[in-house]
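Student: Taking this note's numbering, the leading residue of the sequence shown gets 1, the next gets one more, and so forth.
There may be inaccurate statements among the hints.
[As the list claims (entries may be wrong)] Here are the simulated lysine to any residue pairs, SDA-like style, with alpha carbons at most 25 angstroms apart:
#1 K559 to N627
#2 K29 to E48
#3 K474 to N521
#4 K51 to E461
#5 K474 to R515
#6 K670 to D681
#7 K346 to E440
#8 K217 to P297
#9 K474 to D294
#10 K347 to I449
#11 K41 to R15
#12 K45 to Q10
#13 K564 to N235
#14 K613 to I388
#15 K347 to P297
#16 K569 to N627
#17 K466 to E440
#18 K217 to V250
#19 K346 to E13
#20 K347 to T498
#21 K340 to K217
#22 K556 to L501
#23 K445 to T476
#24 K613 to V633
#25 K559 to T476
#26 K346 to N470
#27 K347 to V250
#28 K8 to M462
Simulated from the structure, these hints should not be mistaken for laboratory data.
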Amino acid sequence: MRVHELAKSQGLETRELIKMLDNLGIKNKKSASLLSDDEIKKVNKYIEEEKQDKPAVALIKKKPKRAEEKHKKVVIKKKKVVIVKKPHKAEETEEKTESAESQVEKKEPEAKIGEREAPREKRKEAQKRTEIKEEKVKTAGETSKHEEKKSIYRLKEKKKKEEEDKKEAISKKVGKDKKRYSFKSERKLEEEEEAHLDKLLQQKKKAQPVQANPVPKEIEILETITVGDLARKMNLKASELISKLISLGVMARINDQIDAETATLVAAEYGCNTKVISLFDETVIEEEEDKEEDLEPRPPVVTIMGHVDHGKTKLLDAIRNSNVVDTESGGITQHIGAYKVNVDEKKIVFLDTPGHEAFTMMRARGAQVTDIVILVVAADDGVMPQTIEAISHAREANVPIVVAINKIDVSGANPDRVKNELAERGVVPEEWGGDTLMVEVSALKKVGIKDLLEAILLQAEMLDLKANPNRRAKGTIIESKIETGRGIVATVLIETGTLHLQDPFVAGIYPGRVRAMFDENGRPVREALPSDPVEVIGFTGLPDAGDPFQVTKNEKEAKQIGQKRQELKRLEASKNVKKVTLENLYEQIKEGEIQELKVIIKADVQGSVEALKDALEKLSTDQVRLNCIHSGVGAINETDIILASASQAIVIGFRVRPNNRAAELAKKEKVDIRRYSIIYDVIEDVKSAME
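Using the sequences and the hints, build the whole thing.
Tutor: Encoded structure:
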């Protein structure tokens with residue numbers, strides 16, 4: 001019996017059983033290792049002893065915990081009782097005020113003992129006592145404030161009366177002593193002087209408009225900034241800043257970009273300091289670290305890799321019981337497809353990456369998002385160039401490999417030769433003391449498929465894959481395309497969290513909102529859990545395959561991050577992009593005597609664009625250099641034809657057609673448009689054109 005079979009029969013995980021074997025002195029055992037009868041008996045005895053000992057330990061440990069918790073609760077209650085002291089203070093203050101008032105009541109009658117004879121005085125004293133009793137609530141501070149207010153009010157009234165008396169006296173004198181003078185009164189002269197002073201102040205303010213917006217002491221700038229933006233931040237005119245740059249020996253226009261060092265030098269001339277900030281730091285979405293308590297097991301994500309025609313798609317077809325091969329042009333997988341398969345109440349997610357070597361970049365990206373790689377090797381062909389390439393990609397991504405030796409039913413099949421060839425390249429099977437699971441299968445006759453799925457689940461169990469579903473979703477763009485009637489559609493693989501409808505997100509440099517979601521069968525879904533592949537609609541732009549997909553707090557944050565990422569991309573592009581013009585083209589040809597074959601690539605899917613571009617650029621030789629001057633997703637349009645005619649390029653359309661206007665313009669301009677549906681034909685035609 002093997003280790004994983006014994007673990008399954010005892011209801012244990014393989015990892016736990018391997019640790020148990022180490023404790024019992026049975027060393028160097030792996031999941032596929034065989035166990036002797038004595039070893040099996042030893043393990044069974046150990047498990048039975050553990051089961052008998054466990055309940056007694058559990059009963060002893062539960063009681064003291066409850067006692068400790070009770071003690072803790074009692075202590076907390078005592079603290080709460082002791083803390084409440086405010087009511088005592090209030091009572092003490094009330095008692096003090098009452099005692100003070102009683103003393104006032106005692107003192108006042110003592111002062112008026114000699115005046116008891118008169119009845120009127122007695123009545124006055126009684127009235128005063130009642131007034132004092134009514135005003136018990138008032139404190140000594142309040143009465144003093146009240147007296148101060150009264151005194152201030154009396155002083156104000158006196159001043160008003162004095163001013164009124166003076167005015168009346170003056171008016172009487174003026175009435176008596178009226179003289180017939182022709183000059184203006186003193187009051188009018190004073191008014192004219194005040195108006196004159198106001199005019200002077202206004203003129204001074206108008207003469208100093210620059211002081212309203214002075215040059216700031218410090219400004220924040222990016223690694224590169226345009227002259228116009230720098231002038232705006234420094235509250236200067238662009239012409240003034242340009243003249244200053246010229247005086248420093250820098251020839252720049254208003255829309256030209258200058259680096260941070262030049263901007264710092266110019267700002268220092270005006271006494272302004274600069275603080276260089278990184279735009280990349282502002283585009284990073286902060287994430288909270290997951291706690292171990294919140295993590296839950298998730299399905300493994302598996303990528304199938306291997307050489308051309310070794311049976312990758314047939315194997316996946318046998319696993320999910322559906323025919324994919326017939327829909328592919330030339331029987332070769334062209335796009336990344338994601339599928340979910342149920343195996344013994346467990347799920348496995350498969351990513352079918354294309355097998356042709358032109359899709360190297362796509363396959364490498366697939367290895368980065370996957371947990372396990374299934375390396376398909378034909379038993380009759382053995383290890384081929386793309387098999388070696390797949391091994392290197394899996395190793396770079398630090399992803400474990402499960403080898404599926406396919407076509408064991410074909411005549412000339414030799415699985416042992418395949419194992420030897422793989423062992424030479426560092427992929428050693430577990431049977432030979434290595435750490436790689438190898439399964440012999442036949443995709444055509446559906447032999448060994450169950451063993452392969454069990455090997456995948458066993459490898460996933462050893463990896464202990466977990467994710468937190470109760471958080472904002474995060475994933476990766478597997479593929480993106482433009483569909484008529486649906487717009488931009490992208491396949492997203494969720495890594496952590498749960499994606500819901502109407503969630504705002506950022507995919508690469510483009511913000512968006514989840515308008516609709518579909519599973520691999522085209523059925524609409526309302527949410528996607530970790531390791532789920534879904535088609536998402538709601539993008540504002542076409543993201544690249546491999547771009548991160550992150551859900552944000554709200555739509556405003558998504559738009560802000562998207563704008564900053566687009567700005568960062570423009571800044572990076574302005575540093576590295578070489579503009580293609582007729583003048584530059586002829587100069588390069590004359591100076592270096594280099595012949596170029598210029599190409600414009602348009603395809604239906606972003607992954608195909610990248611793969612074609614990479615494959616064609618590898619065809620460059622010393623005599624002819626292939627230059628892809630433009631590439632994109634979608635139909636061939638007029639702008640593509642105009643660019644092709646200006647730069648003397650050919651247009652390659654992969655699974656796309658030119659629209660009517662583009663076709664007419666191509667005839668007029670005599671631009672060569674070539675359409676393909678299989679990548680082999682593109683490479684062969686370009687090779688012959690370059691030769």
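Student: Indicate, hint by hint, whether the structure satisfies it.
Tutor: The hints, checked one at a time:
A threshold of 25 angstroms between alpha carbons decides the hint, and for K559 with N627 the separation of about 35 angstroms lies outside it, so the pair is violated. Of the supplied pair hints, the one linking K29 and E48 holds, its CA atoms being roughly 21 angstroms apart against a limit of 25 angstroms. For the proposed pair K474 and N521, the alpha carbon gap of about 22 angstroms is at most 25 angstroms, so the pair holds. Between the alpha carbons of K51 and E461 the distance comes to roughly 24 angstroms, so the proposed pair stays at or under 25 angstroms and holds.
Distance check on the hinted pair: K474 and R515 sit about 17 angstroms apart at the alpha-carbon level, within 25 angstroms; holds. Under the criterion of a C-alpha separation no larger than 25 angstroms, the hint pairing K670 with D681 is consistent with the structure, at around 23 angstroms. Simply put, K346 and E440 have alpha-carbon atoms about 22 angstroms apart, close enough for the 25 angstroms limit, and the pair holds. At most 25 angstroms may separate the alpha-carbon atoms for a hinted pair to count; K217 and P297 exceed this at roughly 55 angstroms.
Between the alpha carbons of K474 and D294 the distance comes to roughly 16 angstroms, so the proposed pair stays at or under 25 angstroms and holds. As the CA atoms of K347 and I449 are separated by approximately 15 angstroms, the hinted pair is consistent with the 25 angstroms bound. Of the pairs offered as hints, the one joining K41 and R15 holds, with about 19 angstroms between alpha carbons and a cut-off of 25 angstroms not exceeded. Using a Cα cut-off of 25 angstroms, the hinted pair K45 and Q10 holds, with the two alpha carbons roughly 12 angstroms apart.
Between K564 and N235 the CA atoms are separated by roughly 24 angstroms; this keeps the pair inside 25 angstroms, and the hint holds. Of the supplied pair hints, the one linking K613 and I388 holds, its CA atoms being roughly 22 angstroms apart against a limit of 25 angstroms. Between K347 and P297 the alpha-carbon distance is near 11 angstroms, which keeps this suggested pair within the 25 angstroms criterion. Restraint check: the Cα-Cα separation between K569 and N627 comes to about 22 angstroms, which is no more than 25 angstroms; the hinted pair holds.
At roughly 29 angstroms between alpha-carbon atoms, K466 and E440 are farther apart than 25 angstroms, so this suggested pair is violated. Taken as a hint, the K217 and V250 pair is honoured in the structure, with Cα atoms around 23 angstroms apart against an allowance of 25 angstroms. Among the hinted pairs, K346 with E13 is consistent with the structure: their alpha-carbon atoms are about 15 angstroms apart, no more than 25 angstroms. Between K347 and T498 the alpha-carbon distance is near 17 angstroms, which keeps this suggested pair within the 25 angstroms criterion.
Under the criterion of a C-alpha separation no larger than 25 angstroms, the hint pairing K340 with K217 is inconsistent with the structure, at around 60 angstroms. Taken as a hint, the K556 and L501 pair is honoured in the structure, with Cα atoms around 17 angstroms apart against an allowance of 25 angstroms. Between the alpha carbons of K445 and T476 the distance comes to roughly 35 angstroms, so the proposed pair goes past 25 angstroms and is violated. At roughly 13 angstroms between alpha-carbon atoms, K613 and V633 fall within 25 angstroms of each other, so this suggested pair holds.
Distance check on the hinted pair: K559 and T476 sit about 19 angstroms apart at the alpha-carbon level, within 25 angstroms; holds. A distance of roughly 20 angstroms separates the Cα atoms of K346 and N470; the hinted pair therefore holds under the 25 angstroms criterion. Note on K347 and V250: the hinted pairing is violated, with a Cα-Cα distance of about 63 angstroms set against a maximum of 25 angstroms. Restraint check for K8 and M462: satisfied, since their Cα atoms lie roughly 14 angstroms apart, inside the 25 angstroms limit.
Hints 1, 8, 17, 21, 23, 27, counting from the list given before, are not met by this structure.
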